[in-house]
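Student: Below, each chain spelled out in residue letters.
Protein chains: 2
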Amino acid sequence: MNYSYPATAPRWGVFEVTMPGKSDGNPFTDYTITATFTGKEGSVTVDGFYDGDGVYKARFMPSYEGEYTFKVSGSFSDTEYTGSFTATAPEKGNHGPVRVNGYHFAYEDGTPYFSVGTTAYVWPLQGEEMVQKTLEELGKGYFNKIRFCVFPKHYIYNLHEPTSYPYVGTPCPSPTNIDYSNPAALFGVHEGNDWDFYRFNPAHFQQIERCIKAVGDLGVEADLIVMHPYDRWGFSHMKPDQDDLYWKYVIARFAAYHNVWWSLANEYDLLRDKTIADWERYASIILDKDPYKHLRGIHHCTTPYDHTRPWITHVSYQRIDLYKCAELVDQYRIQYGKPVVLDEIAYEGNIDSGWGNITGQEMVRRFWECSLRGGYAGHGETMDVPEANGKLWWSHGGPLRGESPARIRFLHKILCETPGAGLMYRQMSWDSVCGVPEGTRGPARYMIEYYGFGRPNKRTFRMPQGMKFKVEVIDTWDMTITDAGVHEGFFTIPMPSKQYMAVRLIAVD
Amino acid sequence: MNYSYPATAPRWGVFEVTMPGKSDGNPFTDYTITATFTGKEGSVTVDGFYDGDGVYKARFMPSYEGEYTFKVSGSFSDTEYTGSFTATAPEKGNHGPVRVNGYHFAYEDGTPYFSVGTTAYVWPLQGEEMVQKTLEELGKGYFNKIRFCVFPKHYIYNLHEPTSYPYVGTPCPSPTNIDYSNPAALFGVHEGNDWDFYRFNPAHFQQIERCIKAVGDLGVEADLIVMHPYDRWGFSHMKPDQDDLYWKYVIARFAAYHNVWWSLANEYDLLRDKTIADWERYASIILDKDPYKHLRGIHHCTTPYDHTRPWITHVSYQRIDLYKCAELVDQYRIQYGKPVVLDEIAYEGNIDSGWGNITGQEMVRRFWECSLRGGYAGHGETMDVPEANGKLWWSHGGPLRGESPARIRFLHKILCETPGAGLMYRQMSWDSVCGVPEGTRGPARYMIEYYGFGRPNKRTFRMPQGMKFKVEVIDTWDMTITDAGVHEGFFTIPMPSKQYMAVRLIAVD
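Protein chains in written order, with the working numbering: chain A, 83 to 591; chain B, 83 to 591.
Just so you know, these hints were derived from the structure itself, not from any lab. These numbers come from a predicted model, not from an experiment. It cannot be assumed that every hint is accurate.
Identical copies carry no separate label here, and so any pair may be met within one copy or between two of them.
Stated by the list, open to error - With a Cα cut of at most 30 Å, we get these calculated DSBU-like pairs of lysine-lysine:
{"hint": "1", "residue 1": "Lys495", "residue 2": "Lys375"}
{"hint": "2", "residue 1": "Lys580", "residue 2": "Lys222"}
{"hint": "3", "residue 1": "Lys540", "residue 2": "Lys215"}
{"hint": "4", "residue 1": "Lys406", "residue 2": "Lys580"}
{"hint": "5", "residue 1": "Lys580", "residue 2": "Lys215"}
{"hint": "6", "residue 1": "Lys406", "residue 2": "Lys540"}
Modelling step: build the complete structure from the supplied sequences, incorporating the hints.
Tutor: Right under this line is the structure:
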């Protein structure tokens with residue numbers, strides 16, 4: 083492998099320098115590699131990484147168009163590599179990394195980002211056919227964020243082997259079932275593992291990168307779950323120095339992708355041998371090593387993390403009540419003062435557990451509740467039907483089988499019409515949820531009222547005198563928007579006695 | 083009218099003495115009438131009452147079979163009336179008044195009473211055709227309790243005149259609509275009323291009695307709402323002495339009906355000029371005047387009454403959250419230490435307000451949630467469809483149009499199979515609600531687990547080793563019970579991936 087780098091890279095694209103280097107000993111731990119990129123706005127220094135076969139790489143995401151120079155040095159090579167390149171206009175559809183904008187999000191170019199997420203924990207590790215099918219579904223524009231793991235997953239429906247492992251070594255045999263009478267079956271290290279936690283398997287990380295890039299090309303954020311407890315190999319039970327090595331490698335490889343979000347964990351509180359001090363240390367590594375300040379969150383099972391911690395950019399939440407979750411978003415906003423993302427509100431599906439067997443209607447209802455209360459919801463799907471053959475979108479990606487994705491896309495289209503940064507909750511009646519543009523004081527000039535599981539035959543509005551509103555009746559399930567005329571003051575809108583309806587009012591004078 | 087009384091009366095029936103008396107002045111206030119009934123177990127003294135046209139009556143409900151003597155005296159007559167009668171065996175289906183049994187109910191003969199209620203606020207005052215239709219529906223066994231008012235009702239869908247008024251006088255004109263910009267339109271006294279609050283209209287009370295008796299004959303408890311705020315005539319704004327006169331008249335007339343419950347109010351907290359001291363005074367009148375100790379409750383709109391008050395026999399509750407109500411029953415039990423009756427959990431219907439537009443499925447789901455948590459739920463229906471012509475079961479009775487009543491009857495049949503007094507909640511899993519017989523300690527020999535809006539394709543049970551269970555899959559909506567075999571220990575039951583399913587386990591060894 084020769085020293086190489088491209089002459090140009092688009093703004094918010096990945097500029098990559100490839101270099102030969104020392105491969106004796108353990109290149110993952112024995113050598114240093116640091117790269118500094120300098121443009122008109124200043125310099126950024128990042129870690130490079132060993133990519134196997136004597137190859138080292140350093141990656142950089144240019145934040146501005148224009149000329150850059152770089153210098154790569156360290157003990158990995160006796161040569162210091164330097165060069166220059168031009169950052170060109172961003173590729174079509176690349177608006178830059180997502181940033182926090184109050185309780186909401188916007189891409190770096192200022193375009194508001196209304197998050198409609200999904201989860202497919204280990205879709206990159208299910209073979210090419212499933213990966214392509216997943217990308218095909220994501221190409222339909224249902225979602226603009228997907229949560230997935232770097233490590234493989236061990237759990238119900240996840241007893242088979244992943245296509246690759248993150249470390250050099252040998253996995254334990256695939257179990258044939260999970261013995262629920264033995265708690266270690268789900269969260270313990272099984273017999274027969276033999277891993278070197280100081281030697282990464284670059285092919286595994288290359289596959290994750292390929293998937294980060296592929297979803298990014300589709301306009302989808304990659305909410306990377308860096309640690310999780312569903313493990314039989316010991317990846318959730320490594321020593322602190324091994325964890326830290328992993329975190330640094332992950333950041334060195336992935337941070338230059340504009341669409342990466344750092345999710346420190348899925349269900350951090352089930353990683354029983356990690357302490358809060360451990361999570362805070364991982365966070366400090368990100369703060370130290372990620373110059374692009376990608377979004378940072380941490381997701382719980384039963385005990386929410388202290389989301390007021392300054393390093394947390396947004397609240398990543400799992401429902402903690404069987405009956406209410408999206409309904410609490412406006413409270414969480416007050417509690418934490420940050421954007422609230424309900425990354426897990428149960429899955430459209432039919433599996434045995436309540437977290438995985440809600441209907442499409444209930445999924446969409448939770449999305450609307452969450453959105454109108456000024457938060458952002460996440461989809462997932464666990465449809466265990468014969469043709470799925472045990473492969474469920476929730477973990478494996480592949481074909482979607484539920485009814486909610488098209489309705490979520492419909493909601494997203496409406497959210498994108500919000501004047502301003504996003505919506506906030508306004509109490510308009512005791513039996514509806516109402517969203518108005520963030521920061522609205524006094525009479526709202528834009529308002530969506532949603533009736534959830536209720537099925538009114540009419541709704542009465544008491545709007546300020548002297549303001550005229552264009553009124554639309556929205557069928558959130560059948561995905562229609564029906565003009566209901568222009569009204570003012572006290573007026574009644576006929577409704578079709580159906581569930582999952584909304585009314586939008588837009589001031590026209 | 084001559085002095086008359088029957089020679090016999092069935093136990094728990096109404097024994098009535100009819101007597102002539104003074105009709106000059108105001109017979110409702112100017113004279114006293116007291117009756118004492120003496121049997122082998124002791125004596126009971128009650129007030130008699132003026133029934134119009136020079137007729138006075140005294141009523142008594144014999145609690146035991148056997149010989150009774152009585153004596154009626156007071157200023158209403160210069161004659162003291164005495165006599166004797168025999169209390170015979172109760173009529174078929176009359177198990178006596180309902181009593182509290184811990185967190186549950188039982189009839190006085192010991193038969194458990196599993197309450198499945200409904201509400202039709204002013205069905206006795208809608209004309210004979212509606213009354214008969216209501217009784218026809220109640221004859222189908224959907225419900226065993228009905229809440230209704232003594233006073234007529236003014237509210238949306240209730241602008242027309244009732245068939246009678248409780249007082250002598252003239253009502254205000256029927257309004258044609260409710261002006262929502264004027265708060266007095268719903269809760270204020272309209273112009274044009276002219277009532278004598280010291281002169282009752284006996285025909286009005288006779289109609290209420292006829293309805294109490296008719297539902298009693300169908301095995302249905304009459305949960306009488308004695309006061310309520312939905313009033314344009316001033317019945318909710320009377321002076322204390324007028325209120326007290328009303329309460330005494332109501333008790334003198336109705337207390338001898340075995341199936342009467344006293345609901346002091348519907349939405350007591352909306353009767354804005356009544357104080358807690360007023361409610362406590364009404365309660366003391368009941369305690370003083372009702373010798374049969376009928377059940378006593380009081381229902382709120384937004385602020386629950388202090389249900390720990392000793393005179394309150396059971397908690398009569400309205401949901402105070404749009405999303406959760408039945409789900410809170412096990413907490414209310416702990417909070418109040420009494421039976422919990424959710425008399426208002428929203429209505430199956432399609433009207434504009436969230437309290438009146440839930441689906442039949444949601445209604446039935448709330449019934450199951452409530453029942454398995456050891457409480458009792460109440461139905462109501464507000465289906466505003468063209469053929470209803472503005473007459474909704476919720477207020478007027480008449481034909482039922484919803485889907486829930488048959489499913490509530492199915493639930494009641496299952497509740498009646500409970501071993502013991504009733505069910506209590508047991509936490510078996512985080513995503514189901516589970517009921518076991520009240521007082522179960524250690525392994526349950528009877529258990530119903532319900533999955534609500536979830537739709538599992540299977541459920542796994544971890545039962546104590548060495549106990550065999552007959553397992554049944556219950557479809558609470560399609561009303562089927564399917565044998566799933568006998569199982570023990572750790573086992574999995576296939577489920578049909580449908581909502582509103584339950585599993586019942588009954589120990590067979």
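Student: Now tell me, hint by hint, if it's right for this structure.
Tutor: Against the structure, the hints come out as follows:
no., hint, result
1, Lys495 to Lys375, "within (28 Å within a copy, 62 Å between copies)"
2, Lys580 to Lys222, "both (28 Å within a copy, 28 Å between copies)"
3, Lys540 to Lys215, "between (43 Å within a copy, 28 Å between copies)"
4, Lys406 to Lys580, "both (22 Å within a copy, 21 Å between copies)"
5, Lys580 to Lys215, "between (34 Å within a copy, 28 Å between copies)"
6, Lys406 to Lys540, "both (26 Å within a copy, 24 Å between copies)"
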